[in-house]
Amino acid sequence: QSVLTQPPSASGTPGQRVTISCSESNSNSGSDYVQWYQQLPGTAPKLLIYRNTQRPSGVPDRFSGSKSGTSASLAISGLRSEDEADYYCVIWDDTLSGWVFGGGTKLTVL
Amino acid sequence: QVHLQQSGPGLVKPSQTLSLTCVISGDSVSSVSAAWNWFRQSPSRGLEYLGRTYYRSKWHYGYAVSVRSRILIKSDTSKNQFSLQLNSVTPEDTAVYYCARSFDGNLDSWGQGTLVTVSS
Numbered sequence: 001q002s003v004l005t006q007p008p009s010a011s012g013t014p015g016q017r018v019t020i021s022c023s024e025s026n027s028n029s030g031s032d033y034v035q036w037y038q039q040l041p042g043t044a045p046k047l048l049i050y051r052n053t054q055r056p057s058g059v060p061d062r063f064s065g066s067k068s069g070t071s072a073s074l075a076i077s078g079l080r081s082e083d084e085a086d087y088y089c090v091i092w093d094d095t096l097s098g099w100v101f102g103g104g105t106k107l108t109v110l
Numbered sequence: 111q112v113h114l115q116q117s118g119p120g121l122v123k124p125s126q127t128l129s130l131t132c133v134i135s136g137d138s139v140s141s142v143s144a145a146w147n148w149f150r151q152s153p154s155r156g157l158e159y160l161g162r163t164y165y166r167s168k169w170h171y172g173y174a175v176s177v178r179s180r181i182l183i184k185s186d187t188s189k190n191q192f193s194l195q196l197n198s199v200t201p202e203d204t205a206v207y208y209c210a211r212s213f214d215g216n217l218d219s220w221g222q223g224t225l226v227t228v229s230s
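Protein chains in written order, with this note's numbering: chain A, 1 to 110; chain B, 111 to 230.
If you're looking for bench data, these hints aren't it; they were derived computationally from the structure. Take these hints with a grain of salt, some might be off.
[As the list claims (entries may be wrong)] Straight-line C-alpha distance at most 20 Å; calculated EDC-like pairs for lysine to aspartate or glutamate:
id: 1; chain 1: A; residue 1: Lys106; chain 2: A; residue 2: Asp83
id: 2; chain 1: A; residue 1: Lys106; chain 2: B; residue 2: Glu158
id: 3; chain 1: B; residue 1: Lys184; chain 2: B; residue 2: Glu202
id: 4; chain 1: B; residue 1: Lys123; chain 2: B; residue 2: Asp137
id: 5; chain 1: A; residue 1: Lys67; chain 2: A; residue 2: Asp94
id: 6; chain 1: A; residue 1: Lys46; chain 2: A; residue 2: Asp83
id: 7; chain 1: A; residue 1: Lys106; chain 2: A; residue 2: Glu84
id: 8; chain 1: A; residue 1: Lys46; chain 2: B; residue 2: Asp186
id: 9; chain 1: B; residue 1: Lys189; chain 2: B; residue 2: Asp137
id: 10; chain 1: A; residue 1: Lys106; chain 2: A; residue 2: Asp94
id: 11; chain 1: A; residue 1: Lys106; chain 2: B; residue 2: Asp186
id: 12; chain 1: A; residue 1: Lys46; chain 2: A; residue 2: Glu82
id: 13; chain 1: A; residue 1: Lys106; chain 2: B; residue 2: Asp214
id: 14; chain 1: A; residue 1: Lys46; chain 2: A; residue 2: Glu84
id: 15; chain 1: A; residue 1: Lys46; chain 2: B; residue 2: Asp218
[As the list claims (entries may be wrong)] Just so you have them, the derived chain A footprint on chain B, three or more residues with Cβ under 8 Å:
id: 16; stretch: 119–130
id: 17; stretch: 149–157
id: 18; stretch: 163–177
None of the values given here were measured: they were computed from a predicted structure. Virtual Cβ for every residue (Gly too), placed ideally from N, Cα, C.
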């Protein structure tokens, strides 16, 4: 069973660049792709990055994703106050036949 | 544009059945390209996958191990909706429940969320 490990918190000042890491414990999940979701307070998660690096239409290019081996990262450049949210990495685990979520990272814009 | 509208009671008594419905607009529950999922979120358990249904020549259902003995997901093509039933609930099942579409391997559309409290 895969476990996705994220730091519980991250912070930055407006205009800065922050990165959030996501480490997968099980390299046999069968998943080559990581997704990232943004959850603003009181709302449902929103797809931010898919297939490791791709942005859905409407997502600013300030958001970028990368993946190497069993580690993935979400980078946010030009940090803005509205980026303050919880961020989750997610994979589909073939061995579980289910979605696996990281514990989430709470981003604070100072 | 896909829209998912959730409905169901916000309060369920212990040992009873939690029932939620997710009505789909902008897509079909019997789409051969999508799957229809249920999740929940609580401070203690984080975001948790519960199960899904999808149609590929026939209906398929999959459930998370953690709830497999208590869960039932149904699809209703006449109303273009799918539903969640979780039996024998306890206070640990208190959470915000979400329905979501997975398409091309992504959870691209979500319902608004329903807070369900298990309490007598």
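Structure-based check of all given hints:
1. Only pairs whose Cα atoms come within 20 Å are accepted, and A:Lys106 paired with A:Asp83 is accepted, the gap being roughly 10 Å.
2. As the CA atoms of A:Lys106 and B:Glu158 are separated by approximately 17 Å, the hinted pair is consistent with the 20 Å bound.
3. Distance restraint check for B:Lys184 and B:Glu202: the Cα-Cα separation of roughly 23 Å exceeds the 20 Å cut-off, and the hinted pair is therefore not satisfied.
4. Among the hinted pairs, B:Lys123 with B:Asp137 is inconsistent with the structure: their alpha-carbon atoms are about 34 Å apart, more than 20 Å.
5. Straight-line distance between C-alpha atoms of A:Lys67 and A:Asp94 comes to about 18 Å, which keeps the hinted pair within the 20 Å bound.
6. Restraint check for A:Lys46 and A:Asp83: satisfied, since their Cα atoms lie roughly 12 Å apart, inside the 20 Å limit.
7. At most 20 Å may separate the alpha-carbon atoms for a hinted pair to count; A:Lys106 and A:Glu84 meet this at roughly 8 Å.
8. Under the criterion of a C-alpha separation no larger than 20 Å, the hint pairing A:Lys46 with B:Asp186 is inconsistent with the structure, at around 26 Å.
9. Restraint check for B:Lys189 and B:Asp137: satisfied, since their Cα atoms lie roughly 12 Å apart, inside the 20 Å limit.
10. A C-alpha spacing of about 28 Å is found between A:Lys106 and A:Asp94, which places the hinted pair above 20 Å, so the restraint is violated.
11. For a cut-off of 20 Å, the pair hint linking A:Lys106 to B:Asp186 is broken: about 37 Å separates their Cα positions.
12. About 14 Å separates the Cα atoms of A:Lys46 and A:Glu82, which keeps this hinted pair within 20 Å; it holds.
13. Distance restraint check for A:Lys106 and B:Asp214: the Cα-Cα separation of roughly 27 Å exceeds the 20 Å cut-off, and the hinted pair is therefore not satisfied.
14. Pair hint A:Lys46 plus A:Glu84 holds up; C-alpha atoms about 14 Å apart against a cutoff of 20 Å.
15. With a C-alpha separation of about 7 Å, the suggested pair A:Lys46 and B:Asp218 falls inside the 20 Å cut-off, and the hint holds.
16. Counting residues of the stretch 119–130 of chain B whose CB falls under 8 Å from any CB of chain A gives 0; the rule of at least 3 is not met.
17. Remark: the stretch 149–157 of chain B is confirmed as covered by chain A, as 3 of its residues place a Cβ nearer than 8 Å to a Cβ of that chain, reaching the required three.
18. Coverage of the stretch 163–177 of chain B by chain A holds in this model, with 3 residues showing a Cβ closer than 8 Å to a Cβ of that chain against a need of three.
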